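Dock chain B against chain A, hints included.
Protein chains: 2
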Amino acid sequence: MPASSTQHPNTRPKDVGILAMEVYFPAHYVDQTELEAFDGVSSGKYTIGLGQSAMGFCSDREDINSLCLTVLQQLMEKYNLSYSNIGRLEVGTETILDKSKSVKTVLMQLFEASGNSSVEGIDTTNACYGGTAALFNAINWVESSAWDGRYAIVIAGDIAVYASGNARCTGGAGAVAMLIGPNAPLVIDQRVRSTYMQHVYDFYKPDMLSEYPVVDGKLSVQCYLRALDQCYQAFTKKAQQEEFEELFTLSSADGFIFHSPYCKLVQKSLARLMLNDFLQDPNPDFQDLYKGLEEFREVKLEDSYFNKQVETAFMKSSQPFFIQKTKPSLLIANQVGNMYTPSLYGCLVSFLIHHSLSELSGKRIVLFSYGSGLASSMFTLVISAEAPQQTQLQKIHQCLSDVHNRLNTRVKQTPGQFEQMLKLREETHHNAPYTPVGSTENFFPGTWYLKEVDDKHRRQYEKIPSAAAT
Amino acid sequence: MPASSTQHPNTRPKDVGILAMEVYFPAHYVDQTELEAFDGVSSGKYTIGLGQSAMGFCSDREDINSLCLTVLQQLMEKYNLSYSNIGRLEVGTETILDKSKSVKTVLMQLFEASGNSSVEGIDTTNACYGGTAALFNAINWVESSAWDGRYAIVIAGDIAVYASGNARCTGGAGAVAMLIGPNAPLVIDQRVRSTYMQHVYDFYKPDMLSEYPVVDGKLSVQCYLRALDQCYQAFTKKAQQEEFEELFTLSSADGFIFHSPYCKLVQKSLARLMLNDFLQDPNPDFQDLYKGLEEFREVKLEDSYFNKQVETAFMKSSQPFFIQKTKPSLLIANQVGNMYTPSLYGCLVSFLIHHSLSELSGKRIVLFSYGSGLASSMFTLVISAEAPQQTQLQKIHQCLSDVHNRLNTRVKQTPGQFEQMLKLREETHHNAPYTPVGSTENFFPGTWYLKEVDDKHRRQYEKIPSAAAT
Chain A
1 MPASSTQHPN TRPKDVGILA MEVYFPAHYV DQTELEAFDG VSSGKYTIGL
51 GQSAMGFCSD REDINSLCLT VLQQLMEKYN LSYSNIGRLE VGTETILDKS
101 KSVKTVLMQL FEASGNSSVE GIDTTNACYG GTAALFNAIN WVESSAWDGR
151 YAIVIAGDIA VYASGNARCT GGAGAVAMLI GPNAPLVIDQ RVRSTYMQHV
201 YDFYKPDMLS EYPVVDGKLS VQCYLRALDQ CYQAFTKKAQ QEEFEELFTL
251 SSADGFIFHS PYCKLVQKSL ARLMLNDFLQ DPNPDFQDLY KGLEEFREVK
301 LEDSYFNKQV ETAFMKSSQP FFIQKTKPSL LIANQVGNMY TPSLYGCLVS
351 FLIHHSLSEL SGKRIVLFSY GSGLASSMFT LVISAEAPQQ TQLQKIHQCL
401 SDVHNRLNTR VKQTPGQFEQ MLKLREETHH NAPYTPVGST ENFFPGTWYL
451 KEVDDKHRRQ YEKIPSAAAT
Chain B
1 MPASSTQHPN TRPKDVGILA MEVYFPAHYV DQTELEAFDG VSSGKYTIGL
51 GQSAMGFCSD REDINSLCLT VLQQLMEKYN LSYSNIGRLE VGTETILDKS
101 KSVKTVLMQL FEASGNSSVE GIDTTNACYG GTAALFNAIN WVESSAWDGR
151 YAIVIAGDIA VYASGNARCT GGAGAVAMLI GPNAPLVIDQ RVRSTYMQHV
201 YDFYKPDMLS EYPVVDGKLS VQCYLRALDQ CYQAFTKKAQ QEEFEELFTL
251 SSADGFIFHS PYCKLVQKSL ARLMLNDFLQ DPNPDFQDLY KGLEEFREVK
301 LEDSYFNKQV ETAFMKSSQP FFIQKTKPSL LIANQVGNMY TPSLYGCLVS
351 FLIHHSLSEL SGKRIVLFSY GSGLASSMFT LVISAEAPQQ TQLQKIHQCL
401 SDVHNRLNTR VKQTPGQFEQ MLKLREETHH NAPYTPVGST ENFFPGTWYL
451 KEVDDKHRRQ YEKIPSAAAT
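These protein sequence lines map, in sequence, to chains A and B.
In case it helps, the numbering used here puts the first sequence at residues 1 to 470.
In case it helps, the numbering used here puts the second sequence at residues 1 to 470.
Just chain A, same shape as in the assembly (with noise of 0.2 angstroms):
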């Protein structure tokens, strides 16, 4: 248990933040440049135009359900925790199998044998920030007079797939399981965070019988790139207010971690941030950090989301801090994908995994999540350099060790297979009843499959043995 609940009514608990996570992606993935080949478009284009390396994909034996079902079992299992110490579960996700069951209650067969049935939270929707939803609302179930001094759960699920186009490229698959609770090692800062939400139809999904978005792209860049400004201008405000004395920028924090739709528009964002920070100092120091930007020096924000020039300047000019604050994020947003709400957390995996734990002790992290439609907010990670905690931190260290292994032991499927196996996701996702044709021979241990999906459309899964509890 991770603290009494008999402690002062009016007072908070303290360090509330991840105390524990797991990541689960697809056993199959398709290669980018073969995807290039394939789809007949210039050779870089996916790999170096957007980043990406491999693309994570489901076949029909995986759905929202049974993604939670393996990284929920996953993290218990790991970090060895009982179900019945669990008072708090949400799930975040967009990928909506039923308009009013939500995936949380579906999870509930696991703590069945536990009978805990005391687990408050449900799910939560706005397209890749229902994670970040989900986080915020444990937290403050932690710090509020509600919290009865059990952890709560946070998953974050999708499957984004595409029709076939130019936005086929950017799909992905995941979840992420976070453990919350106070004295955590990886501590939310609640205060310094900022919020913009607006009413846009950038990505959407109104056709409710297909797995696939309506997405106008560019215009969905801009509303990324306009929430990445309006909140980084309200969190260093805020920083500035709160926490430091002077500007908040670039320099002042360990990693600037993204929701990454696809790897270049993160290296974007960073350079986008830069180009704030540049706009924001009185005095610019053109001799070194702004060395050859006189030029840009009256440009508007509003008027260079898709300038070319401002674009590569800055691309050039913060590729430093992108090498050192940024990159070591990518690892699982360039392996498998966009996983929409997990995004941003697979990239605080990826970001600890990089790092040794004496490299990460008393880091902070900054991070932005953004949700179409729109929700955004961005707000701060603080590692904890404290001796308990960095025994927890360990434990998610070596949890996590099996990433790389994973990512190298996914069973590569051509291009012509990725097709064949979205045309028959498309054909039968909704169907009941429904008997799934996919293999699960290569699918990692611990991975529940739908089994079945009856006249009634309830569905029944079933598990790939579990490796041994690490």
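Do not take every clue at face value.
Unchecked claim - Once the Cα atoms are required to be at most 30 angstroms apart in a straight line, the calculated DSBU-like pairs of lysine-lysine come out as: (1) A:327 x A:451; (2) A:14 x B:218; (3) A:14 x B:14; (4) A:451 x B:218; (5) A:238 x B:14.
To be verified - Partner residues are not named here, just some residues of chain B that face chain A (Cβ under 7 angstroms, in silico): (6) 11; (7) 102; (8) 106; (9) 108; (10) 116; (11) 118; (12) 141; (13) 145; (14) 198; (15) 206; (16) 209; (17) 264.
The set of hints was computed from the structure by calculation and includes no laboratory data.
Model, not experiment: these values are computed from the prediction.
Where a beta carbon is used, it is the ideal one built from N, C-alpha and C, also for glycine.
For chain B alone, coordinates are given in the frame of chain A:
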């Protein structure tokens, strides 16, 4: 502004709860007696058997976005609130028009003129439970260190329609908006609450192209009653630990209100709580409260969901409790039908406007929230007896005083017109492009309605001019 956010950072604000409420229901309804005749069922089946007098319904002019736009703007105008002072807005609904884009983002249109785009919260879903989850999340936010001193708003809204057949008469539609902050007249007690969640297919919406659920009526009632038993047992245990020295029973609170699929189930639910009290009581008073119930001493809760003898006996014995503590909550449920997520909060509105201010002062109300699938909670609302809160309560009373008049000025439609309208919704509710054909002439002042859906499914709304703000 509700309060300064610069209080001691580890101390929670006090008495967080509901500061303002508004309810919206459609201007059209069908009479349940007429529907009985039209459906060719025995007279009294809907009116006496289910306890329903009328059912509100929407034409193709209203959808979940328009319902929520209406109730939000009415709340803001009636209470003279500023959009700049809202820091969080969360929507609970199971009326899903888009798998990705939240209703919350559509509502951001109303914030545009204020320039406030910093509004946390998105949508949350599990059947009729979404409003309660949103309410808990909003209260936790105010109690958390993330709170920035502004108000939260919770909106619960749904359109409940069923395929033709037995369940169609149990539809309804509406929305409730609640303003959340500290020092509230309606304080949510965060310590004494219980939650019961389970994986079950009692009611769900797997057919993504239909507005209708798949329902197993008998299973759904059994799930509701089991959840009620489980929540009440955990609730009474906690109440005893935290606040009461004696057993918590129906005598311990002044109101018991329930999610209301139909009013008769609510009456049965209150009887069920009395059955729980009776079985818990080590020494039941057979001379008075439990007179004539000796034969039920060995009843097992899990065997008695459909035991008519038990039901009849306890409905009779609990009748005085029902009349005093529950019936006053059923006006809107009886007149509008099941509004899904707002149902419980419509019951709260009915309870509040049934009583005078002096009657309400200091009262304790127990609420049972249920969403199929299933998610359920029981919690307490305490009506403040403090003077400043009484002034705010008076404002709530005043703003809700038009509910009777609104109910009475609705326009009755024939069962034939009702059926035609449902058929039109069936055929068109997901069409794009689409121009609605329903008349708006009877709509209440301030009602938002759907003007057009374009070929990309983008929805445009217009508004009946508001009445002068009260």
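**Item:** Hint check, failures only
**Value:** As far as the earlier hints go, 1, 2, 10 and 17 are violated by this structure, in ascending order.
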